[in-house]
Amino acid sequence: MNNNNLPTAGLEPLTRRGFLRAATLTGMALTAGCASLGGRRTPNGEAVYAHLSEEEARVLTRLTEILLPTEQFGLPSSTGEVPTVANINDMAGDMAPQTRDLMAMVLWIFERRPMASFRFSRFTRLDDEEALRYVRAMQSGTFFERGLMTTLHTAVCVNYWRDSRTWPGLDYHGPVTGIWGVRRLGNAPMPTA
Amino acid sequence: MSDTADRIDTVEMPREGLAVVQASDISSERLELSADVVIIGSGAGGAVSAYELARRGLDVLVLEAGPYVPSKDFTEDFTESLETLYEDHGGQANTDGDLLVLQGRCVGGSTVVNGCVSFRTPDFIFEEWHRDYGLTDFTPESMAPYFERVERNLSIQENRPHEIARHSMVLSEGARKLGWSVKPFKRNIRECALTGHCLSGCKTERKQSMLVTYLPWAAAHGARIHSDTRVDKVLTENGRAVGVEGRVVDRTGRHVADIRVTAPRVIMAAGAVQTPVILQRSGLGNDQVGRNFACHPSFYVGARYPQPIHPWRGAMLGVYVDEFMHPDKGGFVLEVGGLGIAELCMINEPGTGKPFVEYMQNAPHMAGIVTLIHDHNVGEIRWQGDHKAIHYQLSDKDFPSMMASLKAAVRMHLAAGAEEVFLPSSEALSVTREADIDRQVDKLVNKPQHLRMVSYHPQGSCRMGTDPAHSACDPQGRLRGVEGVYVADASLLPSSLIVNPQVTVYALANYVADRVT
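Taken in sequence, the protein lines are chains A and B.
Its first residue numbered 0, the first sequence is counted upward by one per residue in numbering that gives the first Met the number 0.
Its first residue numbered 0, the second sequence is counted upward by one per residue in numbering that gives the first Met the number 0.
For reference, chain A alone in the conformation it holds in the complex:
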């Protein structure tokens, strides 16, 4: 793939270490916790999340569509059957305020980053091919862009495949102790010497 046409010029340089680290922390926080279904829907069917703004939810939903075209592979839909964005929403509700603010900043930047190179278009307005090109450009961009993209990529993918409905497709067994009825040993005996 030729990356020469991809968006790098004309954008604010984003190389501050602290911000990059924060993005990573946000990503890790996004990968942890959150198991339940969240969100409700408006009368026109659009999901509403308690802890994500409309724009954040749109960005994450679009990113999920781009990163995980699961239905093409006969896997549960990453935006319908498996509540990937709702899982992230739940996590956002448990985040410390500082981490939550950082997540907002990461998503804000990600949404606007392509404007210089894609006809002033935001990420959520790119067509599938353009959106994929944008994501790939970020993955091979500056160290900040690579970090940001790795973070979001991991967050979305983990919050899809952590759902037990995806496991049969991978032949993954999930927790087994209860299923197997493994006996507990309790505390180890006190040493004799």
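Derived by calculation from the structure, the hints in this document are not laboratory data.
Where a beta carbon is used, it is the ideal one built from N, C-alpha and C, also for glycine.
Among the clues, some could well be false.
[As the list claims (entries may be wrong)] Computed Cβ-Cβ distance ranges for the label pairs, DEER-style:
hint	chain 1	residue 1	chain 2	residue 2	range
1	A	G173	B	R514	29 to 37 Å
2	B	S394	A	D127	36 to 44 Å
3	B	R175	A	D170	21 to 29 Å
4	B	D24	A	D100	19 to 27 Å
[Claimed, not checked] Far from chain B, by Cβ distances over 10 Å, these chain A residues were calculated:
hint	residue
5	E53
6	R124
7	L125
[Claimed, not checked] Not the full set, but computed from the structure, chain A residues with beta-carbon under 10 Å of chain B:
hint	residue
8	T69
9	G79
10	W160
11	R161
12	L169
Following the hints, complete the assembly by docking chain B onto the known chain A.
For chain B alone, coordinates are given in the frame of chain A:
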């Protein structure tokens, strides 16, 4: 000091669980406690110290910042475990954000969430400590009684044939084809149930972590354990420790109470990141506190095989390659490790969109190798006024070792029959035949956010030695510049071990405890 005979005569231990004072048990806004010894941290160093001192008759109080999670509450869900059992919810990272530093943060510390791998300190590491740091008391012979003691107490034994999972069998064959030395791990486990969920805590207490061994034993000898208790400072008067102060914070982050403990001895066992941070906040120790941080930066090198492997089935860690362990032979170790779905999402970048979904669909055909190098102590832990900072970048001196370990891991995969080996990079790079190893791996450069690294073994930030100009602690684990403060965790290690450090930390903690006066 309490009477030894009285305490030993009254030893009783519950069959399951542990008596721990948690935030939910605290009803007052201020706790005032006293003890003969206060121990900060309940992991490998803290728990062993607590037991050894309590059985001597000392009144021991253990303060743990993390929560108490009994084994039965472990979920076997790694993403959830990151949230509940790990430091910073699994997000502890260096300042560049490209190195995750995974540490347990719960009663029992990292011993609850590790892979059970149990190595003694390699002989050549003791030689290095002797030569470079004047630590003449530490030899394989002098430390043997300590190793034997913890190995016996923790049921450490070599993996038996049924504990070698398919991933380890396949990769053993690859190593043998290459003529490399490959051996079964020793692990601290009883009757392994082969569930494969070690990193989420062992739900049935088969892993002999501190949660089910030294902590209940210490408690049976009278040691008290408080969880949810974050120590802010070590208190001193006239150059002597007099106790600690901190806060009790519940699991939602609510400040429940202030705590102050009066004690003439303080043992720091909060781990190689937190121990120097607490000492720096307290203004204690020399300028070596926080320096010399090493972390065993690791790659997880995954590969796809033509046959199903199911890397989550069976004992998580089966065999290791020690062919290159000695620094003269490369200075790295390859460990065959299982992995779950969440880890598969994190370790590789096989491509975006369809290629990633295809990669995940091949999950049952994946196997992995963890690389460990003998990194130099180039990092630093700093308290920045309101937060900790882990300054660690892979040094140019260590980069060749990392690349050598990666190339060896790729070779081993290919020799074992792998179809495609994924390189641990932010780019989608892989190798499918031996002739391409150098060309592909040499594309990797030592720059931030290019390599995907994890540290499971932070160490060295309060290292011991005979020279005060280059060590924070003396050879007996005493912090320099103040009386009554000891360090008994991986912070003490003067150089990185190259192997998993838990047994070394147990032995060192026992050694230090024997010297607490």
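Verification of the hints:
1. A:G173 - B:R514: 29 to 37 Å: About 47 Å separates the Cβ atoms of A:G173 and B:R514, which means 29 to 37 Å is violated.
2. B:S394 - A:D127: 36 to 44 Å: With a Cβ separation near 42 Å, B:S394 and A:D127 satisfy 36 to 44 Å, so the hint holds.
3. B:R175 - A:D170: 21 to 29 Å: Check passed, 28 Å falls within 21 to 29 Å.
4. B:D24 - A:D100: 19 to 27 Å: For B:D24 and A:D100 the Cβ distance comes to about 33 Å; the hint is violated.
5. E53: 25 Å, holds
6. R124: 18 Å, holds
7. L125: Holds, because the least Cβ-Cβ distance between A:L125 and chain B comes to about 13 Å, which exceeds 10 Å.
8. T69: Result: holds, 6 Å to nearest chain B Cβ.
9. G79: 15 Å, violated
10. W160: Since chain B brings a Cβ to about 5 Å from A:W160, closer than 10 Å, the hint holds.
11. R161: 5 Å, holds
12. L169: Interface hint status for A:L169: holds (5 Å vs cutoff 10 Å).
When each numbered hint is compared with the structure, violations occur for hints 1, 4, 9.
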